[in-house]
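Student: So the sequence lines, in the order shown, correspond to chains A, G, U and H. Numbered per this note's numbering, the first sequence spans residues 3 to 343. Numbered per this note's numbering, the second sequence spans residues 3 to 343. Numbered per this note's numbering, the third sequence spans residues 3 to 343. Numbered per this note's numbering, the fourth sequence spans residues 3 to 343.
Simulated from the structure, these hints should not be mistaken for laboratory data.
Facing chain H, a subset of chain A residues (Cβ under 7 Å, in silico):
hint, residue
1, Ser-247
2, Leu-258
3, Ser-259
4, Pro-262
5, Ala-296
6, Gly-297
Virtual Cβ for every residue (Gly too), placed ideally from N, Cα, C.
Letter by letter, the chains look like this.
There are 4 protein chains.
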Amino acid sequence: MIIAIKPGTAQEDIKNFTALLERRGVKVHYSAGTSQTVLGLVGDTTGISEESLQAHHLVEKVVRVQEPYKRANRAFHPLDTRIDIPVAGGQVRSIGAGSLGIMAGPCSVETREQIVGIANSVKQSGATFLRGGAFKPRSSPYSFQGLGCEGMDLLLEAKKETGLPIVTELMAIHQLELFDEVDIVQVGARNMQNFTLLKELGRCHKPILLKRGYACTITELLMAAEYIMAGGNDQIILCERGIRSFDNFTRNTLDLSAIPALKRKSHLPVIVDPSHATGLAWMVPTMAKAAIAAGADGLIIEVHNNPEEALCDGEQSITPDAFDSLMTVLRKYAALEEKII
Amino acid sequence: MIIAIKPGTAQEDIKNFTALLERRGVKVHYSAGTSQTVLGLVGDTTGISEESLQAHHLVEKVVRVQEPYKRANRAFHPLDTRIDIPVAGGQVRSIGAGSLGIMAGPCSVETREQIVGIANSVKQSGATFLRGGAFKPRSSPYSFQGLGCEGMDLLLEAKKETGLPIVTELMAIHQLELFDEVDIVQVGARNMQNFTLLKELGRCHKPILLKRGYACTITELLMAAEYIMAGGNDQIILCERGIRSFDNFTRNTLDLSAIPALKRKSHLPVIVDPSHATGLAWMVPTMAKAAIAAGADGLIIEVHNNPEEALCDGEQSITPDAFDSLMTVLRKYAALEEKII
Amino acid sequence: MIIAIKPGTAQEDIKNFTALLERRGVKVHYSAGTSQTVLGLVGDTTGISEESLQAHHLVEKVVRVQEPYKRANRAFHPLDTRIDIPVAGGQVRSIGAGSLGIMAGPCSVETREQIVGIANSVKQSGATFLRGGAFKPRSSPYSFQGLGCEGMDLLLEAKKETGLPIVTELMAIHQLELFDEVDIVQVGARNMQNFTLLKELGRCHKPILLKRGYACTITELLMAAEYIMAGGNDQIILCERGIRSFDNFTRNTLDLSAIPALKRKSHLPVIVDPSHATGLAWMVPTMAKAAIAAGADGLIIEVHNNPEEALCDGEQSITPDAFDSLMTVLRKYAALEEKII
Amino acid sequence: MIIAIKPGTAQEDIKNFTALLERRGVKVHYSAGTSQTVLGLVGDTTGISEESLQAHHLVEKVVRVQEPYKRANRAFHPLDTRIDIPVAGGQVRSIGAGSLGIMAGPCSVETREQIVGIANSVKQSGATFLRGGAFKPRSSPYSFQGLGCEGMDLLLEAKKETGLPIVTELMAIHQLELFDEVDIVQVGARNMQNFTLLKELGRCHKPILLKRGYACTITELLMAAEYIMAGGNDQIILCERGIRSFDNFTRNTLDLSAIPALKRKSHLPVIVDPSHATGLAWMVPTMAKAAIAAGADGLIIEVHNNPEEALCDGEQSITPDAFDSLMTVLRKYAALEEKII
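Please take these sequences and the hints and turn them into a complete structure.
Tutor: This is the structure:
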């Protein structure tokens, strides 16, 4: 961290300020030019916020040179992290480091027939994970809120029938006891900065699919991952799912540059959700291809057998047939990227 | 809700679609022009999402005419809601319907001296509530996270000494047992769409200060209030605290037009947080004045005795002296608006 | 400007880089700590872009300490600038430094009766300038584009009849020959970064009303002013008129914090356009009050005798009666701010 | 266009309103349900703005069903438009309808050696167009503004030596006389809503590369194209070059979903500028691949022989060697998309 001191500051004041900084556990290097005095902070500055330094009356400008995250930081962990989920027969399904994870399924679990039917179908097409919501975060209290525990049971039945590992959303920590058989625990975009929840998930031993908040920066997403990792859980999959912008042609704006950005700064795998990002079923296949070309480690795609009567988010769900065609195309893009589905 | 049907749709298909809609509990009015068939949905459409209707292949366009919220809606509750908080001597401190609530205090509770000292000082200057954080949502897991229970105790001591009712943030529902003596429970911007938390707060009997998420729309804020109100808790105070935009001169962009917008659509009181919105202490007094002129029912302002050494958010805290001068000015603006502090 | 050099850079490389920088006309101060070498650039750095320095392989981070604008900068011109427009009888109408300029009138000039009628009415109510568009920037080529030269003639007639100085928009430099009798030349938000136009206006001798682009930062607005001032024209009035955000309750989001931000960084007067910012006539009076409370040096407000049949922007125009009531209120706010209308 | 009338409106008032609407040249279809009266406007509604209808006191809601653009609209021109630029030997270079246009070159023309050298090199690698700026829109008046006419001459020399057709930016209409030998005239993002300029370009007979304004919607970009097309010039190439968002990891946020969005609504070709969008040379190749996978009809990429000493935008320029490697990769993606470079 570099601090530019206001011109004309007395040496005595700088000395006192330096002492204040060193009490926070860093070493301070002083360097004075004729026009500008600059302090360099060395050591672990992750606990020091630029903004609070900025409050000091001697400070002209503060610049963070090192990122404020450590465990998520590629600088300290150069190799790509791969998340391995064990499945029947001693095999694993992997995400990251050259393996693409393809998660497909309905927004909400609705009935046994629906979820098992879709699970069989997407497995056939090549999906490696089944997605489906039992607890649904809905912006209206009057909208369908998911089947809850019953939905969870149906999801587990679909897992048993197909062998597909499952990914589903947890909305509050007390639900965790229901997640024993769940393979990947999803944290939704609206909970990305629910720091209490993140801390608790740091103590659990399951892979976490952490969705980017729709108005969160790259750094904030990595800080959210850091919250979980600081608790001891290193198995994080990051997920870009669209950000808010001024245009509403699509529901959100899919920020594919987040993929190279996150992969440069972090070793964690990054997947993309083109369904929630665009909100438009017809756009999903195109953006899925583009995500692979941009370096994504996987996709999470909504597939529904009857999108027009889906209880939730039908407008963004593709049919099993469309998913099957898409997989044929995606395999070619994966090959170009030298990745395995 | 109005649904424009795609040109050229067969009558049979429209009939089936109408039946599908009526199964969701609304009446459907059909009206055909030469060029365009339009269906009008009558009844309670709050449980029907425009987006899911948009998925249907017959639908050209969907428009919601009625707002998706009921209890928060001024249409069904024309008079302003006033929140009354009882204080010693049989008195109340009020927010809304002509009464301004002025909440002041430090971002974080740090020591007994600090919080009691600031409480005495802001009371002297005319604050009607003491604010202070015991549980702090911080974007870094390595930043100071608040004193927790100990901070809560100190806050209650300050309440006892000064008689000021207190407002403090709850980050997770299990903390609620510590909030018995708290007068107003704050839900932070990052939890505005933590729907599980909102539902639980619907069952508690305390006024809730609901901060607008930094990328949430006016409608989403009112839907978050509706989540709480649907559970039976009508005592909601809305709070504008800045939204994210492309400019970073200020930490967030204070959206003062949210005040008239919220007050037109809802009967709930609306206060403003100029400290978090701007992140700049020197800008707080100006924006506080503007908020009153824009019709705010109150303010929540960070005041710290020593902003330069504050453990959190010092750069946006004003000193007790600055707060005292500000109150003198605000009284004049309150008078113009015919409001009581 | 401060440049942090990448750790481990050879002295020889730093020396060459320093030479490269000095060839661009600045002095370079070298200061090495044990962990970080920092270069401080002294002199006129306005022609050096941070982004291009960032391209250099030795550079870790670049920070600009001084603002990139000079003539618009309050640091070099501490006193508020006041723009004086001469009117009949040796008097002036002023904007800035304690004087509020109130500009009112229709979006578009439509007929002689309309513009003269509105002019008389707003003058009666206390407006100090007449606004009205002859050349209209419309997002559709099929929308009414303004009356052009004929509109200009009608505007000048209204000026002659009422004595009100006029402000109207110039869309291209070749129109300037028609602006001889115009008192203030408006540059629209969509032309704020039309640098060719700005340069040409630097050579004209009329006050310029420079509207902030709807997605331009505070710094970019001041750089646009700097373009004009660099050509020799110092008479600039800045105008906040709403920025784009994710919410569309209002047409744009009125950023009132831009007023204290601009006034801290610059000596130029700042006015506010609540009509275009909100797009909602019922919200205009509230936001006009708030703008004065936030320190604005004036307002530009759309007033139309028959908003429902206005050829342009009727939904944001208030009636002459509403304007008259608003002026009564604004005088009280102006008095609190110790400003003269 | 559909207009929902406020409940309880008298028949007489609806009749008068209908007459008012029909005077604007459309037919009005009346349809009354028990709860809601709806008017449907038939005919050419492109000249009627929703916002101005919204001003009328009888109107509850207005919805546009048809897009406000005609000539750019795929509905009236289902086949993809292809832009053909003739080059020596009776050949053409094409953009759109299966042909990828690859434009490469420096941000600014600096010297003869530079531009001719880069031109030879990118041609060798497979670029089909040479880009380079002679007139540069810079946010600071003190930054290098381009070589102007001299730059134009150098660009034409490079064209002559290599046979590459050239694309370069026009900042004001009076420069058009210098563009005789220019193959594609670029309109920069900051001029996308310079409507006077767009109208003039409607009268010229050259292909126009129209860059999306950094805060303009998909619809606004198509309306800007419509301005040019309404004047008679149908040769428009649209260009996505990044939009403003709250995150500043990249300079802008590349909105690749704009490609399928624009191509669904319009027949015009769409290219992508990953250099300006990201502002980061290391990210350009990744986003270039993703753009092709998302369906782009071409790319415009900054290539500089010495990015570290470039007079402009060096941080986003890739070297000729990096461009050469990129082309090898892009050919594979083009093949998957069945497109010809």
